[in-house]
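Listed in order, the protein sequences are those of chains D and V.
The first sequence begins at 0 in numbering that gives the first Met the number 0 and counts up one residue at a time.
The second sequence begins at 0 in numbering that gives the first Met the number 0 and counts up one residue at a time.
Just so you know, these hints were derived from the structure itself, not from any lab.
No experiment lies behind these values; they were computed from the predicted model shown.
Any given hint could turn out to be false.
Think about it this way: if two alpha-carbon atoms lie no more than 25 Å apart in a straight line, the pair counts; the simulated DMTMM-like pairs of lysine to aspartate or glutamate are [what the hints assert, rightly or not]:
1. D:K212 to V:D105
2. D:K212 to V:D290
3. D:K17 to D:D190
4. V:K476 to V:E571
5. V:K382 to D:E242
6. V:K382 to D:E220
7. V:K671 to V:D105
8. V:K96 to D:E242
9. V:K96 to D:E129
10. V:K593 to V:E603
11. V:K597 to V:D563
12. V:K177 to V:E152
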Amino acid sequence: MLTQLLIALNGLASAVAKPLLMPVAWCPGWLSITAIGAVTGIAMLVAFKYTSNQSAIRATRDRIKANLLALALFRDDIRVGLRCQGALLLGAANLLILSIVPMLVMFPPMCLLLAQLALWYQVRPLAVGEQAVVTVRLAEDRLDRLSAVQMGPSSSALSRVGPIRVPAQGIVCWSVEAREPGLHRLAFDLDGAVFSKELSVAVGGAWMPTSMKRPDRGLFELLLHPRERPFTEASPVRSIEIEYPERSSWTAGSRTWLVYWFVISLAAAFAARPVFGVHM
Amino acid sequence: MTQHGASGSASESASGSVPDAGRVTGSRHVLSRRRVLWGAAAAIGAGGVGAAGYFSGGINRVSRGLGKKVIVIGIDGMDPRLCRALIEAGRLPNLAKLAAEGGFSDLATSIPPQSPVAWANFINGAGPGSHGIFDFIHRHPHEQCAPFFSAAETLPGDGFLEWDDHRLQLDFWPFNHKPPRTVLRRQGVPFWDYLDARRITSVFYDLPSNYPPSPSQYGHHRCISGMGTPDMLGTYGTYQYYAEDAPADAIDEGGGRRARLVFDGESARASLVGPEDSLLETPHPIRVAFDIHRDRESDAAMIEIQGNRILLNRGQWSRWVQVDFALSTPRPFPTQHAGGICRFLLQEVAPNFRLYVTPINVDPSHPAVPLSEPPSMIQAMAKELGLFYTTGFQEDHKARSNGVFNDDEFRAQATIVLEDRLAQFEYAVDNYDDGLLFFYFSSSDLQSHMFWWNGDENPTHPTRATGEAAARFEHVKALYQRLDGVIGDIHDRYGGKATILVMSDHGFANFGRQFNVNAWLRDFGYLNPRECTSILTDVDWSRTRAYGLGINGLYLNRKGRERDGIVEPGEEQEKLTRQLIARLQSVRDFNGAKVIRKVYRSSEIYSGDATALAPDLIIGYARGYRASWETCLGELTPDVLLDNPSAWSADHCADALEVPGVLFCNRSIRAKQPSLIDIAPTILGEFGVSVPDSMTGHGVFES
């Protein structure tokens, strides 16, 4: 049930993200991630405004201010000082509690959004002539068919090494060389059935969505790899994975984009707070 | 506060508070917001211009080379005889053109003609007495004859903090421990220091005899260290070889390590041996486990190491793989890391699985030890070119000598090195503006060691059939042609604008027969007892008057210098020296051939402040001969003269007069007998810098 829901949500998120994130393909990486960070920051701010108890937050913040003022005014009175510090702690805890509901509301869409962003920023597509390892994982009850897995002919990629069958892990691997730019499908044959996986090949570091794995139906896998439909429970192939190269950048690199997006979205939300009159 | 009147504002300003920050007094001095913004913009602009000026034209940055360009291509081991023959055959058109345009000459090499000595001569513009490097290997006389590498030495640290089973060296207050450090043992002033002091840029790529890289005082000298740079294990290069038929217990062989693989099904687990975990009380090597999965049907295998999957067909090399070595630290200290790089070669899948791993090089993108001056230089190159070899000896001659590689595998690996170097050469030329550019090629040296064989001098190769020896020698000739193309390229780009010097540190000769100095000393009663197998283990110093260590050095066991010395300085020493020279120079092989061309007294050929560790005698071998392999580390063999069964079948550690290097230049060479020590004065002269007294060489453009 949850799996079906997640598959449906992924489909919805992909449909929405496709036109919205299309400009990423044209912009420099730093610009697109900055813009997306700013927009999502403001969107989170607005969502926070309408999903939180603003009057309660305002009142709590006022109490915190009052206690801060009291701390400054009655510096010599220890009892007042301790009482104010206790009240400050309570106020902070109250603010945290008041933000739980908006956080819970925002959590699912943010997870879906981040999974969509990861398609663009987590790895980069292969360049023409570049090689990557492709791994097909079989279901545990089909390991005896490892030697029957074949990679189909393709004009987009050429098998350079393999297949290498690893019974201990239930996988078959190839090293494939990208031949043509574009979004392609690699096909694998097992006992007459064909299983495919998307392959992204770009020219000159161009941006395009890149799905690292066509997953099985595990929830976490579905969340992390939203672009391609998962294999069914009955499928002898559990997953197909391509090890794409990392993207190197201070802003939109494989190891930095998430932190950079988070910082930009926070900064944008704080900057826009007075404009939208949001109490946080 | 903003509701206060003007007078109120004035009085509060006077008391230190600023009620209206933008206003001072009077309408003519109003500091408007627009003014503040313009002021800030102007300040930022001025700052930017200043910073740009600092980086591009500041006093510490701008080159005073005034557009003068000198390009030196160092081709290790390029031989003048072979060059002449190939030029005559029309196979080196670019070098022929350079020779016709300027000049071509033999270049006198160092005594002894070993690369570290020769390149140090080049660096100092003076002989070994100035830089103190006399051989690959030196010895500590106060420890009798404990050997060490001559070019660099790692000195032990001082002080540590014991914590569990760790020894921590904390180099800050209040501990102030001194960690171990590697020091460059080359002495004297390198010629680039004189350029640096005059703000003239000099850039060196893979400079030998300069590890760790010497610092630049004024920031105009940049250098990547070459020969002498160690691998992650602290050696000159230790490969690792895994095979099903390797000995059950891993063994270390000179320059390599063999370990057995045991497959469970078609998978096996092995471990890559890395640097020592120096933070432990009892240091031991850090091991990184990796898995091997083979597929006999595909004749291929997959290696899984630290999350990387590497797929290889039989005979295929992997790309560079980054390996992280984690040094253990006691809690709560964070784990320390050192990054290395290596490449895998799948030699055989079945029936005997064989896998070769290159020496673990220091990762140039995150060097664990300084490899360049400034340290960022090598990182910038790695950022643009990707990973590359950083050890001094890049062609894996040890793998060939120990039989891990066959000739074709060695050549393939050497070709990878050459391709790497050619890419770096492009990078070097693209990033060159003016001043001195030095670029070093090692391929001609190490490929010659393996493939050189001049059949005219010695028709019979010690290990190869005549036809095969000739075919392999053809590889060397083809390599010369390839390098000739590089010279042509640089000449096309800079021929009219730069002084171009193409030089080598020495030439080459066959190495068919080997001479064991210590065995010879034993046979004449200079070294005892007769049963002695090594001067490092079972020699009787109280009955030993002379010993050999290194390739060309012979030392007297001198009283007052050696710990257990017995030869009295003065008359006894002189008598012994004369006797040794006379007897050595009269050594004949079984066919009557002279083995040793000349024996030099170091007191006669070396001068300078750095002669303390010099051997007493330097043996100059005749062509075709060299010190035996065992001699280098003081071992003895039953016979004095032996065939050389090694794949390393050519060498240059003969008499210096037998193996000169080459000098090509696009300017006329006027010196009658140019020498390595003349190159530094020549370069200084090209930039109008006077030659310091410490240099004994002279410019080659002076008659």
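The hints, checked one at a time:
| no. | hint | result |
| --- | --- | --- |
| 1 | D:K212 to V:D105 | violated (63 Å) |
| 2 | D:K212 to V:D290 | holds (23 Å) |
| 3 | D:K17 to D:D190 | violated (35 Å) |
| 4 | V:K476 to V:E571 | violated (50 Å) |
| 5 | V:K382 to D:E242 | holds (21 Å) |
| 6 | V:K382 to D:E220 | violated (34 Å) |
| 7 | V:K671 to V:D105 | holds (10 Å) |
| 8 | V:K96 to D:E242 | violated (50 Å) |
| 9 | V:K96 to D:E129 | violated (40 Å) |
| 10 | V:K593 to V:E603 | holds (23 Å) |
| 11 | V:K597 to V:D563 | violated (29 Å) |
| 12 | V:K177 to V:E152 | holds (16 Å) |
Hint compliance for this structure: hints 1, 3, 4, 6, 8, 9, 11 are broken, all remaining hints hold.
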